[in-house]
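Participant: Take the given structure of chain A and dock chain B to it, following the hints.
Going down the list, the sequences are from chains A and B.
Going by my numbering, the first residue of the first sequence is number 25, and it counts up by one from there.
Going by my numbering, the first residue of the second sequence is number 453, and it counts up by one from there.
These are computed hints drawn from the structure, not numbers from a lab.
None of the hints are false.
Taking lysine-lysine and the DSS-like style, the derived pairs with C-alpha atoms no more than 27 Å apart in a straight line are:
1. A:K219 to B:K632
2. B:K924 to B:K864
3. A:K286 to A:K226
4. A:K222 to B:K632
5. B:K864 to B:K874
6. A:K353 to A:K286
7. B:K632 to A:K226
8. B:K632 to B:K864
9. B:K864 to B:K771
Residues from chain B that keep clear of chain A, each with C-beta distances beyond 10 Å, as calculated:
10. G530
11. S573
12. N596
13. A726
14. K736
15. E738
16. D883
17. I891
18. D1010
19. D1020
Quick look at which bits of chain A chain B covers, simulated, 3 or more residues with Cβ under 8 Å:
20. 213-220
21. 225-234
The beta carbon of each residue, even a glycine, is placed where N, CA and C say it ideally should be.
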Amino acid sequence: MTRSVAGLLVAGFGFGVPNAALSQETDRTALTNARIVTVEFGVIESGVVLIEDGRIAAVGANVDVPTGTTTIDVAGHTVYPGMVDSGTRLGLSEVGSDPRTQDFRENGNLTPHVKALTAVNPNSVLIPVTRVSGVLTALAEPTGGLFPGTAAFINLHGYTPEQMYVEGSSTMVMQFPVTGRRGSFDQRSDDDIEKASKEAMKTLNDMWDRAHLMARLESVYEADPEMERTTEYVPEVSALVPVVNGDMALMIVVNRAADIEKAIDWVQEREVALPIFSGCAEGWRVASKIAAAGIPCIVGPVQSLPTRASDRFDRAYANAGLLHKAGVKVALRTGESENVRNLPFHAGFAAAYGLGKEEALRAVTLNPAEIFGVAEHIGSISVGKLANLFVADGDPFETKTSIKYVFIEGHNIPMESRHTRLYDEFLNRSR
Amino acid sequence: MRDLRTSFACLEPLPAVISVIHQTSRYMRAPDQGILPYTVPLLLLALLLAVGSREAAAQRTTAPNDVPEVTRSYAIQGATITVAPGQTIENGTIVFRDGVIVAVGSNLAIPADANVVEADSMFVYPAFIDGLSHVGITEPKNENQPRPPDPGNPEYARAGIQPDRSAADLIETDASALAKHREAGFAVANIVPYGRMLPGYSAVTSLTPAGPAYMNPSAGLYTKLQGARGVYPGTPVGVMAKLRQLFRVSAQHQEWAAAYEADPANLMHPPGDAVLEALQPVVKKEAPVLFHANSALEVQRAMRLQDDLGFDLVIAGAKQAPEMVSLLAESGLPIIYSVELPKEDKKKSDADSTTAPPSYNSAFKSNDEGDIEAERENLEARRAETRQRYMEGAAALEKAGVAFGFTGVDVKTADIVANVRKMVAAGLSEDAALAGLTINNARILGIDRSVGTLEPGKLANIVITTAPVFEKDSAIRHVFVNGHPTEVEAKKAKTGNGGEAGPEAEAFAGVWRFLVDSPDGPIPGRFELEVSGGSLEGTASSSASGDADLQDIEIDGDDISFTFQTPDWGEIRVTATRSDDRWNGQLNVQGVGDIPFTARRGPGGAR
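Okay, chain A solo, but in the shape it has when bound (with noise of 0.2 Å):
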């Protein structure tokens, strides 16, 4: 009874789980007789991960353990370098018919200045969820105008968005105009879809020039600190000013082959120090394209229909296969919120159609690291990145697979969500 009632608070309020119990009892773990799926220096078939301090402190099939260290053996299991959601809602949306749980899009066209970061939700049920998958790391994502705001990179495990924050992975996100007719639904003349896609064009172009213009103004008031400054408080224009001095990397939201075409153009034309496209549903289309000019993809969600009625059922499980072989450096995203635990069968379907297994792991682990420039703490397992790591017992991209033990940055993560919950509340319901 007692049980029951207590399940039934923990259904009832919805963030009754704790977000990780630590259990460690020191703060070094060894996790032995390991299978290491390494990703950047390829597989140790037998070896030691020693974490220390959240960080990795040695990999390899010779480690000294030393004394006092919590040790695991995980004979016969794979250790992964925890994966890598490259564009989600996790942390900015709980639930998705009310609009009061909803954080990712705000109003206004030019937002450029807001944090998607500040609204993560550390609490969100949704973030034991999806760890307990392997998927340690998510880009949480704002979505909206022209310039939705900065997104960032969040680790799965903290009670602040500061501590779940990967230093060094704010990206500002860009919506690219939108240039075509949006489909059958799109009533509007020929004419007024030129006129919107000009505005809007311009409307991006004036804030690109503005951007510049106050990283120029901001080193001139640099150079010369007595000059009465005129500038305006303008956060919108601040915020982008990094960008423009190629200090943050962009992040364009692009999908369609003439939309990207054009965003490779303007790209290049506005000498975008580190773009990124994001999306790329029709990235196949224009893939050589995309390599030439060496802009890295993010792919997905994979597992979608084609864009187009004409197409074969299976572009979007071969995009980023297509794009690979083209040359392009592909990550992986779901564009999801409570879903994002199924970035491995995401990625798993790109696997199949052509990616291949290897460059799908990278695709949701060192990939992402790189694009986004945090390959220092991330995407990987080697000494001194923080220890976000899995332990399965076969390959995550499989369903039957099941994940042993979660590690972030250092911490034993609980295998505990709210599904585990449901699940053993009705196993053991009295009636």
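Facilitator: Quick look at chain B alone, frame taken from chain A:
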């Protein structure tokens, strides 16, 4: 189902939405399904399409460009700068910061933080000031008010006595008319309310991109000799009598109030009367009376009232100035002169212009046979002479030494500068024309310390044009109001003929009657197009649209396209092809789609 809700909440692009439907229907199509599983996805599809089209509509209505300004430090360089009428700097630079002009001259150092506007081969002028305007205020509809029980003694508002109002309370801050005025080169306007005898105080306003910024919300008391309908005062004599009464009662009221304030003993308190109190600034000569007087008679009546009551008087309108040049000059009154000109004589322009027009013979007498043709010609000659005299009205005022300002209250915004251009062609000096658009109005409105010329210390109200402003093909490119920029897009050449309306545009001039098969049944209406100021202009009128100005008129050969706004259907875009006196085309209505229509030239439509 949760996927579906997510799609609703975030309005993903359609492909994703459709994918959800496909998946949903796939899941629902179990082998033993009945009919229901098919209908549910269809309903969902309809619902989603509705959401999708609403999304598209919402995106269309977002502001076209809301990119914020970064700095208030600007420099315009390489331009021919007219600092004040008659004072020009070649290849000059003008620097302004925080909305105020810092320096003007040649070879100026440009501050390191300046946003530089390259204006090589362009021309810079002080931005214009409209001496009297209704811009931004919606004209109230003429409603037939019931006759009050005592028409000899109506309430103030019913009699048109509303000095307790200010235009500042009536201007719609987001009115597109304000933006149009700014794009026509106006940085400041003296805006007056609509009304009858005393419509209210005028507001002197900067037309900044963010909306009106008031320099003086009660600059002058707008006054007309227009009587109320069906109540006292209904005639000019009644209005004059009522004005005298109001002024004197207001003065009395003031004395009473002052006495009561000094010592309330033995005195009844003065009754609160907003109208009498609102007249105080004028009675005390702290604000002028802006008398809208067009005819010589009205001007003389205004002067008479001034003699009687001793207020400060500004004459606005003065359309009949050519008949009273010396009267105006001798009065020494500030004049805000209407830029309205007589309509072009179409017949004359059609005729062979090389033959000199016959001159009017005042001694002409029709002979006994009734030589109607000769009489008609003589009368037409008289009309042409009068027309010419009115074209030269501004020049005559200048010659008589009147330092007048201009008002565009009687013409469309786009015609104000165009008409001044015609006055220059008819003999007005360019300096006087510019002064009339700028410094003279500033002086009359008492704001010449801050606007009217480009001297340092004044507000950065600046117009940049592609050619000297009074040349025919001069176009405005930038307008700065209080240092805030507005870029004016170059209009597409209407006919590819250097801005001059060619025969192609002329062929579209006239009245076109149309019948549209709308979903609500057939709607008749008409487009009226005319060539004005070198470009095609027009209106659309129908039961669905009311009267609306046509915008973005573009002509390419026999093809025409334009848009107009309707209250119920938003913007309607028309594209049509003309063959002789018929149009075939379509109206694009947002959310409805293309509706085909035909139009034919209506009566009065022949050129």
